[in-house]
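Let's have the full structure, built from the sequences with the hints guiding it.
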Amino acid sequence: GVVATACYVARLRGVRSAMPMFQALKACPDAVVLRPDMAKYQTAGRRIRELMLELTPLVEPLSIDEAFLDLSGTEALHGGIPARSLARLLRRIEQELGLTASVGLSYNKFLAKVASEIDKPRGFAVLGRADSPAFLVSKPVGIIWGVGKVFRQTLARDGITSIADLLPREEMDLVARYGSIGRRLYRFARGQDDRQVDPSSPTKSISAETTFDGDIADPAALLAELWPLCETVSRRLKKAALAGRGVTLKLKSADFKLLTRSRRLADPSCLAEVLYRAAKPLLEAEATGRSFRLIGIGAADLVDGALADPPDLLDPDRDRQARLEKAIDTVRARLGVDAIGKGRGLTS
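Residue numbers (the working numbering): 1 to 348.
It should be emphasised that the hints constitute simulated quantities derived from the structure, not laboratory data.
Please note that a few of the clues may not be correct.
[What the hints assert, rightly or not] Within a straight-line C-alpha distance of at most 27 Å, the following computed DSS-like cross-link-like pairs (lysine-lysine) qualify:
#1 Lys149 / Lys120
#2 Lys280 / Lys326
#3 Lys238 / Lys326
#4 Lys204 / Lys109
#5 Lys40 / Lys113
[Claimed, not checked] Quick list of the computed label-pair ranges, beta carbon to beta carbon:
#6 Pro57 / Thr211: 37 to 47 Å
#7 Arg344 / Ala134: 46 to 56 Å
#8 Ala76 / Arg195: 20 to 30 Å
#9 Arg264 / Arg13: 13 to 23 Å
#10 Ala76 / Lys257: 48 to 58 Å
#11 Ala266 / Ser72: 28 to 38 Å
#12 Ser180 / Leu259: 31 to 41 Å
#13 Lys342 / Ala266: 18 to 28 Å
#14 Pro219 / Glu117: 36 to 46 Å
Idealized CB from N, CA, C, for every residue including glycine.
In structure tokens:
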């Protein structure tokens, strides 16, 4: 299996989320491994959300244990400034559920998220407009959403490792060099983020599946069914302007037993080719002679589509695949889904 999360002591030893368990135990041999209790987590998550909604209706969940709150104009209602309201919220969470939490309070979502990472656990940080320029300037560029390990390496080759390195750059130059994420680099480096807190429930995953007319055991036949599903999920991601940070394969055996396998991507993606390459080894590991009657593929842990498939100067194939799929999408938009496709789609 893989690590779902790690305590702070384990993180100091190098253990990270999504790390294979054998690597985690090698880095931290004395670790205590616990199986997830999702029902318990969901119950606690629902109660925390209820407590948040007592403060404001503007609650935007990010995950089971993280959310944005907009407390603008709530001072009179709660008889105090937002910082005091949030301090009371933390006390209630700990008293009722026995859980600790951290808060980042600022004037936009990006800075609130950054502030929430300060002094964990039980962190409480307030980042004001006057403080943010001096606070950001020394920070690594990796604090910006969408700047993952691979993209950090690309930026480093261009001499950009910190927020200070971004400040002299023009927005147009960053966009020309890195695409749409260049605008995010420019704005976030200056503490600018105009996104509003959106209380509507976010889409958690986008998937597609198919049930066969008869059970299939042949690995090649199963692989042939996988590709069109990846294309379907890719189209839905692009239409929704979303990207997935994880891929999940779903199989139902001839005796109706459900099996799922997941893999985390190096960077968020909406490309069918990336989904296929991630799902293919998962399928090959299971397609060893067993018969299946259903196959499905899903993109999970969704993020803004602007973060999808960041450029990598050392991997020109990624950009080539993105351009190829964009060309295919353009043709299909004019002439229909069946007008053009990759060769592997002809075998399905």
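Structure-based check of all given hints:
1. Pair hint lysine 149 plus lysine 120 holds up; C-alpha atoms about 22 Å apart against a cutoff of 27 Å.
2. For the hint linking lysine 280 to lysine 326, the alpha-carbon distance of about 22 Å falls within 27 Å, and the restraint holds.
3. For a cut-off of 27 Å, the pair hint linking lysine 238 to lysine 326 stands: about 10 Å separates their Cα positions.
4. A distance of roughly 20 Å separates the Cα atoms of lysine 204 and lysine 109; the hinted pair therefore holds under the 27 Å criterion.
5. Distance hint between lysine 40 and lysine 113 is fulfilled; the C-alpha atoms sit about 25 Å from each other, no more than 27 Å.
6. At roughly 41 Å, the beta-carbon separation of proline 57 and threonine 211 lies within the given 37 to 47 Å, and the hint holds.
7. Roughly 53 Å separates the CB atoms of arginine 344 and alanine 134, a value that falls within the hinted 46 to 56 Å.
8. Checking the proposed 20 to 30 Å range against alanine 76 and arginine 195 shows it holds: the Cβ atoms sit about 26 Å from each other.
9. Between arginine 264 and arginine 13 the CB atoms are about 20 Å apart, so this pair conforms to the stated range of 13 to 23 Å.
10. Against the hinted window of 48 to 58 Å, the Cβ-Cβ separation of alanine 76 and lysine 257 comes to about 57 Å, which satisfies the hint.
11. In this structure the supplied range 28 to 38 Å holds for alanine 266 paired with serine 72, their Cβ-Cβ distance being about 37 Å.
12. Checking the proposed 31 to 41 Å range against serine 180 and leucine 259 shows it holds: the Cβ atoms sit about 37 Å from each other.
13. Judged by the Cβ atoms, the range 18 to 28 Å given for lysine 342 and alanine 266 holds: they are separated by roughly 22 Å.
14. Separation of proline 219 from glutamate 117 is about 44 Å and conforms to the stated range, judged on CB atoms against 36 to 46 Å.
Consistency note: the structure conflicts with none of the earlier hints.
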